[in-house]
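S.K.: Residue strings, one per chain:
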Amino acid sequence: MAEIKQAARPLSPHLQIYRWSWTMAMSIAHRATGVALYAGTVLIAAWLVAAASGPAAFDTAQAIAGSWFGRLVLFGYSFVLLHHMAGGLRHFVWDMGKGFDPQTRMNLAKYSVVFSGGLTLLVWIVALAVR
Amino acid sequence: MQSNSSLRTPLSRVRGLGSAKSGTGHFWLQRMTAVSNLVLTLIFLGIVIALAGKPYPAALAILSHPLVAILMLLFVVSGCVHMRIGMQVIIEDYVHGEGAKIAAVMANTFFAIAVGAACAYAVLKLSFGG
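Just so you know, the protein sequences line up as chains A and B, in that order.
Using the numbering used here, you'd call the opening residue of the first sequence number 21 and step up by one each time.
Using the numbering used here, you'd call the opening residue of the second sequence number 23 and step up by one each time.
Partial pick of chain B residues on the chain A-facing surface, computed with a CB cut under 8 Å:
1. Arg-53
2. Ala-56
3. Leu-60
4. Thr-63
5. Gly-75
6. Val-137
7. Ala-140
8. Lys-147
9. Leu-148
Quick caveat, the hints were computed from the structure, so don't treat them as lab data.
Note that the structure is predicted; figures quoted are calculated from it, not measured.
A virtual CB, placed ideally from N, CA and C, is assigned to each residue, including glycine.
Kindly produce the complete structure, drawing on both the sequences and the hints.
M.R.: Here it is as structure tokens:
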């Protein structure tokens, strides 16, 4: 495909132009959470490598993860993970060719936040209850 | 009407793998790994919760269990494949310079493999004896 010439031509409307809607926000959130999870894999790798390095490194990693800041990051991480999961489930519905009418589309977007938020709280309640 | 420089019809080309030689491979692999991630991520969360606040010997006992190690390995591979394709789509959407795009796609692949290798090595080392 030929390269696009950099001429002074008008651009198509973008984020600053469109009125925000649930579907738009959740579409952007799906991509943003994907990028965050991409970066977050470094934390999982660091944690696993620390565990493989021995007791001292593992205890340090667990202490960081258990501190208030560590828990804050983990809480955000778990929400981002579960929200990306909710977005993925929404995409599965669309892949089946369903859920494209305006009302369903809007509900899928809205309730994906309720779903991921609720699931995050549930995960933390379980995590704090069993330890 | 386009001129045919080859004798193959456009339809026969479409039925093959197209100009990128991969057809819908990435699309399908992204869905496949999304399904496996759905299950494996929930299992991974369960493992992390089980490890929270555990001293090293107890954590090692969990992580070195063969079933845990296998599931962790599957999670790592599935996750890294999925994130590599996802990031490539983002790069192709936003990076328009040909050189920068190729460099970014390469760096993306290297990152995914490096993270995957580090995680896999750690899981195997833990499993085979700490």
